[in-house]
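Given the sequences, and given the hints that come with them, work out the whole structure.
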Amino acid sequence: MHPHPPKWPDRFLSWYCNPELLEDLQGDLHELFYRTYDAGQQRKARWLFSWLVLRSLRWSVIKRQKQHKNSLYNMTWNNFKIAFRVLWRDKVNTSLNLLGLTIGITCFMLLGTHVRQELSYDHFHSKKDRIYRSWLKEDYGEGKVFFNSETPLRFEDLFETEFPAVETAVQYRTVSNLVGRGENRVNEQMAIISPEFFDVFDFTVAYGNQEQILPDQNSLILSERYAQKYFGNDNPIGRTLGIQLGSEIRDFTITAVFQNMPYESSIKFDMALSNAINKDIYGERTLNAWFNIAPETYVLLREGTSITAVEDKVQDVVMSYLGEQVTRGQYQIGFQPLTDIHLNPDIPQGIAPVSNPQYVLILGAIGLLVLIMACINYTTLSAGQSLKRTLEVGMRKVLGAGRGTLIQQYLSESILLAFAAMLIGTAIALLIIPTFNRLAGTEILFTFEWWHLLAYAVIGLLIGLIAGGYPALIISGFKIINVLKGSGRSVGGNSVRKGLIVVQFSGHRLPHQHHAHHEATIGLPTGKRPGLRLQGSTVCAIVARS
Amino acid sequence: MKGDHIGELEELVLLTVGSLYEQAYAVKIMDEIKEHSNRVIDVTAIHSVLRRLDKKGLVSSEMGGATADRGGRRKRFFKLTKAGRAVLDDTMAMRMNLYKKLPKLTFSSI
Chain P
1 MHPHPPKWPD RFLSWYCNPE LLEDLQGDLH ELFYRTYDAG QQRKARWLFS WLVLRSLRWS
61 VIKRQKQHKN SLYNMTWNNF KIAFRVLWRD KVNTSLNLLG LTIGITCFML LGTHVRQELS
121 YDHFHSKKDR IYRSWLKEDY GEGKVFFNSE TPLRFEDLFE TEFPAVETAV QYRTVSNLVG
181 RGENRVNEQM AIISPEFFDV FDFTVAYGNQ EQILPDQNSL ILSERYAQKY FGNDNPIGRT
241 LGIQLGSEIR DFTITAVFQN MPYESSIKFD MALSNAINKD IYGERTLNAW FNIAPETYVL
301 LREGTSITAV EDKVQDVVMS YLGEQVTRGQ YQIGFQPLTD IHLNPDIPQG IAPVSNPQYV
361 LILGAIGLLV LIMACINYTT LSAGQSLKRT LEVGMRKVLG AGRGTLIQQY LSESILLAFA
421 AMLIGTAIAL LIIPTFNRLA GTEILFTFEW WHLLAYAVIG LLIGLIAGGY PALIISGFKI
481 INVLKGSGRS VGGNSVRKGL IVVQFSGHRL PHQHHAHHEA TIGLPTGKRP GLRLQGSTVC
541 AIVARS
Chain Y
1001 MKGDHIGELE ELVLLTVGSL YEQAYAVKIM DEIKEHSNRV IDVTAIHSVL RRLDKKGLVS
1061 SEMGGATADR GGRRKRFFKL TKAGRAVLDD TMAMRMNLYK KLPKLTFSSI
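Residue numbers (the numbering used here), protein chains in the order written: chain P, 1 to 546; chain Y, 1001 to 1110.
Do not rely on the hints blindly, as some may be mistaken.
Stated by the list, open to error - A few chain Y positions that, by computed beta-carbon distances, are all more than 10 Å from chain P:
{"id": "1", "residue": "1012"}
{"id": "2", "residue": "1035"}
{"id": "3", "residue": "1075"}
{"id": "4", "residue": "1079"}
{"id": "5", "residue": "1090"}
{"id": "6", "residue": "1102"}
To be verified - Lysine-lysine pairs mimicking DSSO-like chemistry, simulated, CA-CA at most 27 Å apart:
{"id": "7", "chain 1": "Y", "residue 1": "1034", "chain 2": "P", "residue 2": "63"}
{"id": "8", "chain 1": "P", "residue 1": "44", "chain 2": "Y", "residue 2": "1034"}
{"id": "9", "chain 1": "Y", "residue 1": "1079", "chain 2": "Y", "residue 2": "1055"}
{"id": "10", "chain 1": "Y", "residue 1": "1055", "chain 2": "Y", "residue 2": "1034"}
{"id": "11", "chain 1": "P", "residue 1": "388", "chain 2": "P", "residue 2": "485"}
{"id": "12", "chain 1": "P", "residue 1": "7", "chain 2": "Y", "residue 2": "1079"}
{"id": "13", "chain 1": "P", "residue 1": "127", "chain 2": "P", "residue 2": "268"}
{"id": "14", "chain 1": "Y", "residue 1": "1079", "chain 2": "P", "residue 2": "63"}
{"id": "15", "chain 1": "Y", "residue 1": "1056", "chain 2": "P", "residue 2": "63"}
{"id": "16", "chain 1": "P", "residue 1": "63", "chain 2": "Y", "residue 2": "1055"}
{"id": "17", "chain 1": "P", "residue 1": "498", "chain 2": "P", "residue 2": "91"}
{"id": "18", "chain 1": "P", "residue 1": "397", "chain 2": "P", "residue 2": "479"}
{"id": "19", "chain 1": "Y", "residue 1": "1101", "chain 2": "Y", "residue 2": "1079"}
{"id": "20", "chain 1": "P", "residue 1": "313", "chain 2": "P", "residue 2": "127"}
{"id": "21", "chain 1": "P", "residue 1": "91", "chain 2": "P", "residue 2": "127"}
{"id": "22", "chain 1": "Y", "residue 1": "1028", "chain 2": "P", "residue 2": "44"}
{"id": "23", "chain 1": "P", "residue 1": "144", "chain 2": "P", "residue 2": "128"}
If you're looking for bench data, these hints aren't it; they were derived computationally from the structure.
Idealized CB from N, CA, C, for every residue including glycine.
Below, the structure written as structure tokens:
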């Protein structure tokens, strides 16, 4: 049988290789194949051939598609070159347009980042779909309603024992205590959490005891930030910190250090104690009370179960415990998805901060409107400037340019400008984020991800198309005969431009509206009795309800 | 400027092309280099270097006649151009100049 080099690599080579280089390269590879083959190394010959085909795959060998390069690529490149020259020639106008677009994009970026941040609250937890926060609503009729997302201490045990669908229930509560011994004592906010807390939520232990972060009631965990604050660069594991509890100062041993909690988290703390300490703080009565509330209680459902399984059973369980004190329906326990907490004002605020979803919506709308207004601004300005281009357009048309070509060319201008504005706007946004955070009381953090590049490209293209679409249409619509006669009246409908200006001005009113809206609510639901949280150097901070 | 400076492998290939005189095609060059310097160089690397030298104008090439082996495919034979020859001369001269400057004394110590 006549030997032949492996078929597929051979075909692959013919496919990718530049035809001018193919013959001798293929010949050489074949020659080597036969040489090795005849030397008796059949297997090696095949293997070597395939390997060499792969090794030959270099940029300088690959087939080029010349056809493609000549038409579309060159035209586009040419368009952008001309666009750049036109923009450069009329510097005043260009910088005005650029300024407008840049401001629009900067606002859009800032507000967009803020809105995205608000919307992504708590979404980083991998078990977020199974985590719920419980609330308690006591409704005794005649307006005597007590509705809280802080719950009695006994709920953790109650959920775990009475509801099989609940995998784990954890407590979360914050208190302030004096930390340290001697003169330099600092009042610190700290959390009291269940030891299984880190199994439910996606917070990460940086170092220390990984299996059991809070082994007993004398354990303390710190964030990396606080480990740095209290121990500098020393290893804090095993060291102790004194914390004032009631009248005594107790030493707590640091068992683990966790990574700083992300901003988009409803649950945020820098130091935490185990809720095993509750035994030492509260009496038996408080621990088992049904009408004293302190911590937020979160439940993690088992996989494949739904919260309705728990909700359906709630009243039966409540009645089995409290049948003598309340009637059915008076003592309601409900559950709210973790990701719902940040933007749902219908459930009272517990420890986690709650934003008004309306503000988020309005801010998003303002961001978008500012951007659209910047586009309209560009449109009106360039439509007004279109007279300057009359001769150019006439000349091009005489030389045979079609309308489509002209539109393409003018769109290149606006797209080029849009991308320039995107770049500058992003840079400015990044620069002023700290100032913006200080002024607006937000905590925007910009983190780069690769998909942003794609989003940028799409947004830039869209802005370019929206802003430049109308001018491109009217400019390319000039009639040659008018141009040559010299009666260069701007062609575009005046009514369109006037309409756009009206939109712009009404847009300017919007921030005032938002301001008025902001003033109207003072942040507290009026007409309701506020609960007072008594805090200080004591741990016994129970929300008081008169 | 392009062509003013060539790399070590380029120089080796260029020299071999010159020395093979009219018989220089990639496989042959590879064999020749192996024979003289005991260096095993992938034939694809030789091709790549030859394309580079061609682009720099140091070698020229033309296709040979049809062959019976290698599936009837022709070979591409390379020749030194004047510029290629000049580059080789320059490099050799430069090396000799530097080599001559080695102090004689050091030979005893080496």
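Status of the hints after comparison with the structure:
With 10 Å as the threshold on Cβ separation, the claim that residue 1012 of chain Y sits away from chain P holds: the shortest Cβ distance comes to roughly 18 Å. For residue 1035 of chain Y, the requirement that its beta carbon stay farther than 10 Å from each beta carbon of chain P is met, with the minimum near 15 Å. Non-interface call for residue 1075 of chain Y relative to chain P: violated, since the shortest CB-CB distance, roughly 6 Å, does not exceed 10 Å. The beta carbon of residue 1079 of chain Y is kept farther than 10 Å from every beta carbon of chain P, the shortest such distance being approximately 14 Å.
Separation of residue 1090 of chain Y from chain P is adequate, the least Cβ-Cβ distance of about 26 Å exceeding the 10 Å criterion. Taking the minimum C-beta to C-beta distance to chain P, about 39 Å, the non-interface status of residue 1102 of chain Y holds against the 10 Å cut. A hinted pair counts as satisfied when its Cα atoms are at most 27 Å apart, and residue 1034 of chain Y with residue 63 of chain P does not qualify at roughly 31 Å. Taking the CA atoms of residue 44 of chain P and residue 1034 of chain Y, the gap is near 19 Å; set against the 27 Å cutoff, the hint holds.
For a cut-off of 27 Å, the pair hint linking residue 1079 of chain Y to residue 1055 of chain Y stands: about 13 Å separates their Cα positions. For the suggested pair residue 1055 of chain Y and residue 1034 of chain Y, the alpha carbons sit about 25 Å apart, so the restraint of at most 27 Å is met. At most 27 Å may separate the alpha-carbon atoms for a hinted pair to count; residue 388 of chain P and residue 485 of chain P meet this at roughly 15 Å. For a cut-off of 27 Å, the pair hint linking residue 7 of chain P to residue 1079 of chain Y is broken: about 33 Å separates their Cα positions.
A hinted pair counts as satisfied when its Cα atoms are at most 27 Å apart, and residue 127 of chain P with residue 268 of chain P qualifies at roughly 17 Å. A C-alpha spacing of about 25 Å is found between residue 1079 of chain Y and residue 63 of chain P, which places the hinted pair at or below 27 Å, so the restraint holds. This hinted pair checks out: residue 1056 of chain Y and residue 63 of chain P have alpha carbons roughly 20 Å apart, not beyond 27 Å. The hinted pair formed by residue 63 of chain P and residue 1055 of chain Y meets the criterion: a straight-line CA distance of about 17 Å does not exceed 27 Å.
The suggested pairing of residue 498 of chain P with residue 91 of chain P holds, with an alpha-carbon distance near 25 Å, which does not exceed 27 Å. For the proposed pair residue 397 of chain P and residue 479 of chain P, the alpha carbon gap of about 9 Å is at most 27 Å, so the pair holds. Taking the CA atoms of residue 1101 of chain Y and residue 1079 of chain Y, the gap is near 33 Å; set against the 27 Å cutoff, the hint is violated. For the hint pairing residue 313 of chain P with residue 127 of chain P, the CA-to-CA distance comes to about 23 Å; that is within 27 Å, so the pair holds.
Between residue 91 of chain P and residue 127 of chain P the alpha-carbon distance is near 55 Å, which puts this suggested pair outside the 27 Å criterion. A C-alpha spacing of about 20 Å is found between residue 1028 of chain Y and residue 44 of chain P, which places the hinted pair at or below 27 Å, so the restraint holds. A hinted pair counts as satisfied when its Cα atoms are at most 27 Å apart, and residue 144 of chain P with residue 128 of chain P does not qualify at roughly 34 Å.
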